[in-house]
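> Throw the hints in and build the complete structure from the sequences for me.
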Amino acid sequence: MIELTSLRKEYGDLVAVDGVEFAAQAGEIFGLLGPNGAGKSTTIGCISGLLQPTAGRVRVLGHDIVADAVAAKQLLGIVPQELALYEDLSARENLAYWGGAYGLRGAELRGRVDTVLETIGLLDRAKEPVKKYSGGMKRRLNFGCGVIHEPKVLLLDEPTVGVDPQSRVRLLDLVRAQAESGTCVLYTTHYMEEAQDLCDRLAIMDNGKIIALGTLEELRGELDERDLLRLTGTFDAQRTRAALAGVDEAEVVHVDETSLMISMPDAWSKLPAVFGALAAADADVRATTMTQPSLETLFIKLTGRELRE
Amino acid sequence: MGFFLSTALKDVRRRLADPIALALWIGIPALIGGLMSLAMGGDGGTPKARVLLVDQDDTFLSGLLASGGGPLAEFIEVETVGLEEGRERIDDGDGTALLILPAGFVEAVLKEEPATLQLVVNPSQRILPSIVQQFLEALVDGTFYLQRLLGEQLRELAEGPLDGASFFGDAKLAELSMSINQRMKSLESTLFPPVIKLEEVLDDPPEEQESFNFALLMLPGIIFMSLLFVAQGVSEDVWQEKNMGTLRRMISTPQSVAAFLAGKVAAGSLIALAVSAMGIGVAMTMHEVPFVLIPVMLLWCTFFGAAAVIFFTLIQVLASNERGGNVLTMVVLFPLMMIGGCFFPFEAMPNWMASVGKWTPNGLAVLRLKDLLNGQFSAAALGSAVLGIGLPAALAFLLAVRRLRGSFVIA
Ligand SMILES: Nc1ncnc2c1ncn2[C@@H]1O[C@H](COP(=O)(O)OP(=O)(O)O)[C@@H](O)[C@H]1O
Ligand SMILES: [Mg+2]
Chain C
1 MIELTSLRKE
11 YGDLVAVDGV
21 EFAAQAGEIF
31 GLLGPNGAGK
41 STTIGCISGL
51 LQPTAGRVRV
61 LGHDIVADAV
71 AAKQLLGIVP
81 QELALYEDLS
91 ARENLAYWGG
101 AYGLRGAELR
111 GRVDTVLETI
121 GLLDRAKEPV
131 KKYSGGMKRR
141 LNFGCGVIHE
151 PKVLLLDEPT
161 VGVDPQSRVR
171 LLDLVRAQAE
181 SGTCVLYTTH
191 YMEEAQDLCD
201 RLAIMDNGKI
211 IALGTLEELR
221 GELDERDLLR
231 LTGTFDAQRT
241 RAALAGVDEA
251 EVVHVDETSL
261 MISMPDAWSK
271 LPAVFGALAA
281 ADADVRATTM
291 TQPSLETLFI
301 KLTGRELRE
Chain D
1 MGFFLSTALK
11 DVRRRLADPI
21 ALALWIGIPA
31 LIGGLMSLAM
41 GGDGGTPKAR
51 VLLVDQDDTF
61 LSGLLASGGG
71 PLAEFIEVET
81 VGLEEGRERI
91 DDGDGTALLI
101 LPAGFVEAVL
111 KEEPATLQLV
121 VNPSQRILPS
131 IVQQFLEALV
141 DGTFYLQRLL
151 GEQLRELAEG
161 PLDGASFFGD
171 AKLAELSMSI
181 NQRMKSLEST
191 LFPPVIKLEE
201 VLDDPPEEQE
211 SFNFALLMLP
221 GIIFMSLLFV
231 AQGVSEDVWQ
241 EKNMGTLRRM
251 ISTPQSVAAF
261 LAGKVAAGSL
271 IALAVSAMGI
281 GVAMTMHEVP
291 FVLIPVMLLW
301 CTFFGAAAVI
311 FFTLIQVLAS
321 NERGGNVLTM
331 VVLFPLMMIG
341 GCFFPFEAMP
351 NWMASVGKWT
361 PNGLAVLRLK
371 DLLNGQFSAA
381 ALGSAVLGIG
391 LPAALAFLLA
401 VRRLRGSFVI
411 A
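Those protein sequence lines, which keep their order, are chains C and D. Under this note's numbering, think of the first position of the first sequence as 1, with each following residue one higher. Under this note's numbering, think of the first position of the second sequence as 1, with each following residue one higher.
Incorrect hints may have been included.
List of simulated lysine-lysine pairs, BS3-like, C-alpha gap at most 30 Å [said to hold, decoys possible]:
no., chain 1, residue 1, chain 2, residue 2
1, C, K301, C, K209
2, C, K138, C, K127
3, C, K127, D, K242
4, C, K127, C, K152
5, D, K242, C, K209
6, C, K152, D, K370
7, C, K131, D, K370
8, D, K242, C, K132
9, D, K358, D, K370
10, C, K270, C, K301
11, C, K152, C, K138
12, C, K209, C, K152
13, D, K358, C, K138
Some chain C residues flagged as far from chain D (calculated, every beta-carbon gap over 12 Å) [stated by the list, open to error]:
no., residue
14, R8
15, Q25
16, R112
17, D114
18, T115
19, P129
20, Y191
21, L216
22, R220
23, D248
24, A287
No wet-lab data here; the hints were simulated from the structure. In this text, a Cβ means the ideal position worked out from N, Cα and C, and glycines have one as well.
Laid out in structure tokens, this is it:
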């Protein structure tokens with residue numbers, strides 16, 4: 001359905017997207033997970049034809065987004081990160097305008113507008129200007145405008161940022177319903193839980209590159225069932241590394257003067273050995289948390305950084 | 001085509017959502033026109049500025065000035081008064097301005113000596129006094145050139161016949177008029193065409209007289225001032241589209257940015273049409289507007305409005321942020337209105353300014369509308385004006401489209 005090959009986008013010296021490759025299929029929710037600035041929006045921008053890729057290709061059902069833009073764009077639906085609505089117009093007028101932009105006319109357009117209004121739960125307030133809506137209602141309308149023409153591929157860029165929990169649940173249900181009806185959904189987020197709950201397959205992105213890709217199970221497998229131990233206090237990086245080298249299967253993911261992260265299987269049973277080694281290295285431990293394998297620990301293992309920095 | 005229309009309709013709907021702002025825009029010509037009428041103490045008809053003249057010079061030439069006339073005869077009424085009376089009346093708010101011609105003024109001018117005119121304006125009238133002031137500056141300018149060019153001959157005339165004779169001899173007169181004639185001839189090819197123009201206006205009052213009526217003098221400028229304001233306001237909408245994210249969404253649809261921008265310009269043109277209709281409606285209450293030419297006037301004004309929307313939109317999309325765009329459009333807007341016959345009619349401008357201003361887009365528009373209001377329809381003049389404004393507008397449109405789908409939307 002959608003295929004990216006060695007996609008690259010530069011802004012001057014900055015490489016925002018660096019050789020990204022993946023393909024997503026019909027009926028699948030493909031997640032793009034990464035911290036702010038990872039290059040998710042830039043990737044979506046290249047796919048949607050808003051940005052000109054520096055190199056590489058994007059194909060939507062075989063149509064190149066640059067060379068065959070009109071055909072490719074016709075198949076795409078977009079739910080942008082920021083709202084993209086006419087505040088002075090009503091929900092109905094917004095939907096009709098964007099539906100018209102995808103070539104819907106007359107009775108067909110009216111039918112689609114009604115269907116979408118019902119799906120997003122705005123039928124009873126369809127005639128009010130958007131500026132009177134709550135944030136959650138605007139988000140749902142923003143979603144509705146992206147699916148008005150029943151796109152084959154739906155791009156969602158962090159649609160739940162700044163949305164209250166109730167609206168978020170509703171929005172995620174709408175996304176699932178799209179995939180169930182056969183749409184190929186590309187979903188970007190920096191919320192690990194969301195990616196875990198929603199996506200069939202995932203690419204983890206950092207600094208413009210994809211650093212891991214697969215189903216949730218495959219990605220968890222990369223962690224070898226390792227737990228993540230996070231400690232804060234005072235550490236001497238060199239002596240700490242040396243001391244922990246003696247602890248069985250302990251892998252130092254990150255260490256600086258105030259924090260330490262260790263990845264190891266069955267961490268619970270090895271805690272005494274870890275503390276013993278740290279004491280020998282004159283480290284002063286103030287707090288410890290242990291996390292079981294998750295996308296978050298995978299991200300930390302791969303990058304040495306927290307996802308939400 | 002479908003998308004062009006739906007975009008225009010969408011923008012019209014958005015404008016209608018704020019009917020007060022829209023009404024204000026459409027009301028601008030009536031508003032400014034009304035304010036001016038009020039400022040002139042409007043008794044309906046043709047409001048006049050009343051200049052109280054104190055002639056302490058009492059020469060033949062100052063008497064000519066005092067008798068009024070000139071290109072603004074219909075517009076500025078000159079009344080000769082004594083100094084005391086003049087001061088009293090201006091203090092009472094009776095009259096627009098008090099002009100004092102000091103003794104020896106004409107002589108000083110003719111001898112190229114420094115001369116001072118005193119103008120006391122009525123503080124309760126806001127617009128007219130500045131028009132009088134502008135007009136006077138133009139007059140002083142003209143006098144300056146006139147005396148530079150014909151000073152010698154004029155001096156001889158002013159000094160009167162030599163050796164006590166009460167009249168110039170025939171030979172002397174013939175000689176004088178010969179040399180004046182020669183001067184005028186040689187002038188036709190000199191550096192001062194505006195001066196000659198002024199002469200022609202002065203020489204030929206009957207034809208011009210008709211046209212110096214308030215509707216014709218001020219209203220075309222007011223109409224195009226309103227259109228420029230509206231176009232500037234409409235052009236800000238590209239920032240709205242950008243800030244609302246709708247421009248990004250538009251670019252990700254299969255539609256062309258050109259159709260989108262054309263739709264927006266069309267919606268702006270509808271407002272321009274409404275403004276023009278209002279302006280010409282106001283003109284009809286003041287002046288007998290030739291009926292058959294009304295559609296041409298509306299088309300012309302709307303065409304200008306559309307072009308102005310495009311020019312301002314280009315400036316907006318070239319700016320790096322919204323504030324910059326607005327400042328930049330204003331920086332273009334005000335000088336254009338100032339010299340393009342929108343604040344002050346060309347008739348009240350210094351010659352150099354008028355001759356430059358007539359080549360600004362709005363100056364051109366004002367002149368052509370005046371022709372039409374006068375019942376003069378020239379397909380050639382209008383056609384070349386359409387090309388002169390239309391071709392740059394088409395170019396500006398293409399540039400704006402490129403910029404809209406390029407760095408403007410991304411930055
Ligand atoms: N228009 C732009 N000009 C220059 N740099 C940009 C632009 N847009 C994004 N960037 C940079 O590209 C990188 C990726 O940004 P983005 O794709 O928005 O990340 P994400 O959506 O994952 O938060 C960031 O470093 C960002 O600062
Ligand atoms: Mg983003």
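> Against this structure, judge whether each hint is valid.
Hint by hint, here is what the structure shows:
no.	hint	in the structure
1	K301(C) to K209(C)	holds, 16 Å
2	K138(C) to K127(C)	holds, 14 Å
3	K127(C) to K242(D)	holds, 24 Å
4	K127(C) to K152(C)	holds, 28 Å
5	K242(D) to K209(C)	holds, 29 Å
6	K152(C) to K370(D)	violated, 58 Å
7	K131(C) to K370(D)	violated, 44 Å
8	K242(D) to K132(C)	holds, 21 Å
9	K358(D) to K370(D)	holds, 12 Å
10	K270(C) to K301(C)	holds, 19 Å
11	K152(C) to K138(C)	holds, 23 Å
12	K209(C) to K152(C)	holds, 26 Å
13	K358(D) to K138(C)	violated, 50 Å
14	R8	holds, 16 Å
15	Q25	holds, 22 Å
16	R112	holds, 15 Å
17	D114	holds, 18 Å
18	T115	holds, 19 Å
19	P129	violated, 6 Å
20	Y191	holds, 21 Å
21	L216	holds, 29 Å
22	R220	holds, 35 Å
23	D248	holds, 52 Å
24	A287	holds, 42 Å
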